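Undergrad: Now for the letters of each chain:
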Amino acid sequence: MKIKAADAIIKCLEQENVNVIFGYPGGAVLPLYEALRNSNIKHVLVRQEQSAAHMASGYGRALNTVGVCMATSGPGATNLITGIATAYMDSIPLVVITGQVNSNTIGRDIFQEADIIGATQSFTKNSYLVKDAKELPRIFKEAFFIASTGRMGPVLIDIPRDIQEFLIEFEYPKEVNIRGYKPTLSGNTRQVKRAVDLINKCKQPVICVGGGIRAANATKELEHFVQKSKIPVVCTLMGGDAFPNDSEYFAGLLGSHGYNFVNRMMNDADLLIVIGARFADRSTSMMKKENKNQNVIHIDIDPAEIGKNVAVQIPIVGDAKEILNCLLEHDFNVNDEHWLKEIQESRKVFLKKMFEPDTTLNPKSLIYKLSEKMGKDGIWVADVGINQIWAAHSFKVNESKRFFTSGGLGTMGYSLPASIGVKMALPETTVVASMGDGGFQMLLSDLATARMNNVGVKFIVFNNSNLGMVRELQKNTYDENSYFGISLSFNPDFMKLAEAYSIKHLKISKDDEVEYAISEMLKDNEPFLLECIVDPDIPSVPRLGGKRHE
Amino acid sequence: MNKRVILSILVENYSGTLSKVSGLFTRRGYNIDSLNVAETQDPKISRITVAVTGDSYIIEQITKQLHKLINVIKITTLSEETSVQKELMMIKVSAVGNKRSEIMQIVDIFKANISYVNNKNMIVVITGSEDKNNAFLEMLKPYGIVEMTRTGPTALERC
Chain X
1 MKIKAADAII KCLEQENVNV IFGYPGGAVL PLYEALRNSN IKHVLVRQEQ SAAHMASGYG
61 RALNTVGVCM ATSGPGATNL ITGIATAYMD SIPLVVITGQ VNSNTIGRDI FQEADIIGAT
121 QSFTKNSYLV KDAKELPRIF KEAFFIASTG RMGPVLIDIP RDIQEFLIEF EYPKEVNIRG
181 YKPTLSGNTR QVKRAVDLIN KCKQPVICVG GGIRAANATK ELEHFVQKSK IPVVCTLMGG
241 DAFPNDSEYF AGLLGSHGYN FVNRMMNDAD LLIVIGARFA DRSTSMMKKE NKNQNVIHID
301 IDPAEIGKNV AVQIPIVGDA KEILNCLLEH DFNVNDEHWL KEIQESRKVF LKKMFEPDTT
361 LNPKSLIYKL SEKMGKDGIW VADVGINQIW AAHSFKVNES KRFFTSGGLG TMGYSLPASI
421 GVKMALPETT VVASMGDGGF QMLLSDLATA RMNNVGVKFI VFNNSNLGMV RELQKNTYDE
481 NSYFGISLSF NPDFMKLAEA YSIKHLKISK DDEVEYAISE MLKDNEPFLL ECIVDPDIPS
541 VPRLGGKRHE
Chain A
1001 MNKRVILSIL VENYSGTLSK VSGLFTRRGY NIDSLNVAET QDPKISRITV AVTGDSYIIE
1061 QITKQLHKLI NVIKITTLSE ETSVQKELMM IKVSAVGNKR SEIMQIVDIF KANISYVNNK
1121 NMIVVITGSE DKNNAFLEML KPYGIVEMTR TGPTALERC
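For the protein sequence lines, the chains are X and A, in the order given. First residue of the first sequence: 1, per this note's numbering; consecutive thereafter. First residue of the second sequence: 1001, per this note's numbering; consecutive thereafter.
Keep in mind that the hints were calculated from the coordinates and are not lab data. Given the structure is predicted, the values throughout are model-derived calculations rather than measurements. Among the hints, erroneous ones may be present.
Claimed, not checked - What the simulated footprint calls covered on chain A by chain X, stretch by stretch (three residues with Cβ under 8 Å from a Cβ of chain X suffice, anywhere in the stretch; the number is not a length): (1) 1016 to 1022; (2) 1067 to 1075.
Unchecked claim - Covered stretches of chain X (chain A as the covering partner; in silico rule of three or more C-beta atoms under 8 Å from a C-beta of chain A): (3) 117 to 125; (4) 177 to 187.
Glycine included, every Cβ here is placed at the ideal spot set by N, Cα and C.
Go ahead and model the full structure; you've got the sequences and the hints to work with.
TA: Below is the structure:
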């Protein structure tokens, strides 16, 4: 029996166990919305399409599944772009569905036509313009497979409106067979053996972990490997929740916004074991360009990342979990105790400095205290800017806590919608989104989405009435007289705004108000907006003497 | 050190594949010297032959990034030693009066073909290595090149 293609699409989504779609309707997805109306899939209406992509990203990441978002042709599709690029840079699996104008009018610049395939080509893992409705089941099967395997990422399916109305026989394929797509999962055993030999030969190795650990669900394996090998761990921004940061082996965040000691370790180490990290500019900017005394083992699922930014002696392509398991079959005798002690002391000094009283409320202490109280499975969603660095350094990662942020693209505004997606995925989990007053105002309209769906995210706005990160960059690049274009000298009254959205709210500006604020915030499962007035001069990373940019 | 290589890329023949391949060069800042594409014996598969210049890091990056494209099935790096490389060139050359027979002699020496002639011009077609084609072009230049086109190399592995 033939069914409408739009109904077939919904059936495809059901086959992929999709429960929620974040979207915004429009003319070119009308048949799809009609089909969606008659299904059990929940539709979450956002206020701006970019939010739909971030919500799908947060939702999928929280549940270890593929997030799905949908928008109409033209402006609906182009509004998704930032969200898609954000997901791509952080290797987050998404299936993005866009409506397109009727297939016989494509290319004629008709109302609400935009070449979204062309526009997103460089930041989608793959994309499809559907020209034949019969292809839909295969395309959807492939899209979900591609998005969620190998190095994960967003896949876009652009569906002309007339195609949605066609009648097709529906049969969902059981398996995919794409000739050019066979991701390597298990590491080459010879390379693993070479890696073990190298590890056992070195004196001062360091493990550097990124988002690949969580993507491969390999936190337990990493912990075992660290305990067995006794090698200290540093992390990138995306690896912020890859390893418990109260562990004696944990040294901290590396890179341009890491702290001196960790970057010194990266330079002094005679071996770097990089696992699931791209090793991009923000991570390596503080490292020596050429380090003859250092070897690098790079473990990544994406062969193109290995050797791209740093020369590598032993590349191992594959899934972090599988390769860590292979490594765990071997014995290690690394004598690194001296360094471990140094890490402990240095970290103590760093944390002490960070939690010292600031002129106003200390945002880092607040983050730390709240992360201790949010329960063992709490999820922190950090925005971008100076507040992102505060959160990355102060959020206490232990047990099964998670830390989400836009690491690669650095998308301001990400945290508010992403946290809504996270909370919708895990309604019983404490979800906190922390952002600056700049990032908050980028997509704040989706407070309505949170309210409308009773999504109890705890939003924290660190209000310094400035674009703090750029301000700090201007100061460090030029001087204090060079501030320009960063003042938010007018901000709306965020408390009244919260009231307008019927969201509970509180404003604090002193350290001694923090305890009360936290208890108010965590009292129930309702959305809450906490505004914290903070000094714009609080730096992203506390100075421990000397220049940060060495 | 920069070198020139030819990448022979087998791709699934879907719409948009060529633009994905060529777009990758642009957005990652690699230069394409030439590119040609056509169906293979299997209509579902096309072969794209790209000539690129770069150092070994760039060539490795290009190959790895191309491999990431879902519709790319196989990439072979071809050198002159390991492959047969030919290029097609067409030249419309001014050929008036007794110049015509002079040109015909050159065409003969190079084993090119004359595909069109009128009382002003001639179109000659040559297939060969880039070096040979360059030499042929040099020989014809004094007669006045009206217009010309060349495909850039296409190649098949010897084995």
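Undergrad: None of the hints should be skipped; say for each whether it holds.
TA: Hints versus structure:
1. 1016 to 1022: holds (count 3)
2. 1067 to 1075: holds (count 8)
3. 117 to 125: Contact hint for the segment 117 to 125 of chain X vs chain A: holds, 5 residues under 8 Å.
4. 177 to 187: holds (count 4)
No hint from the list above goes unmet by this structure.
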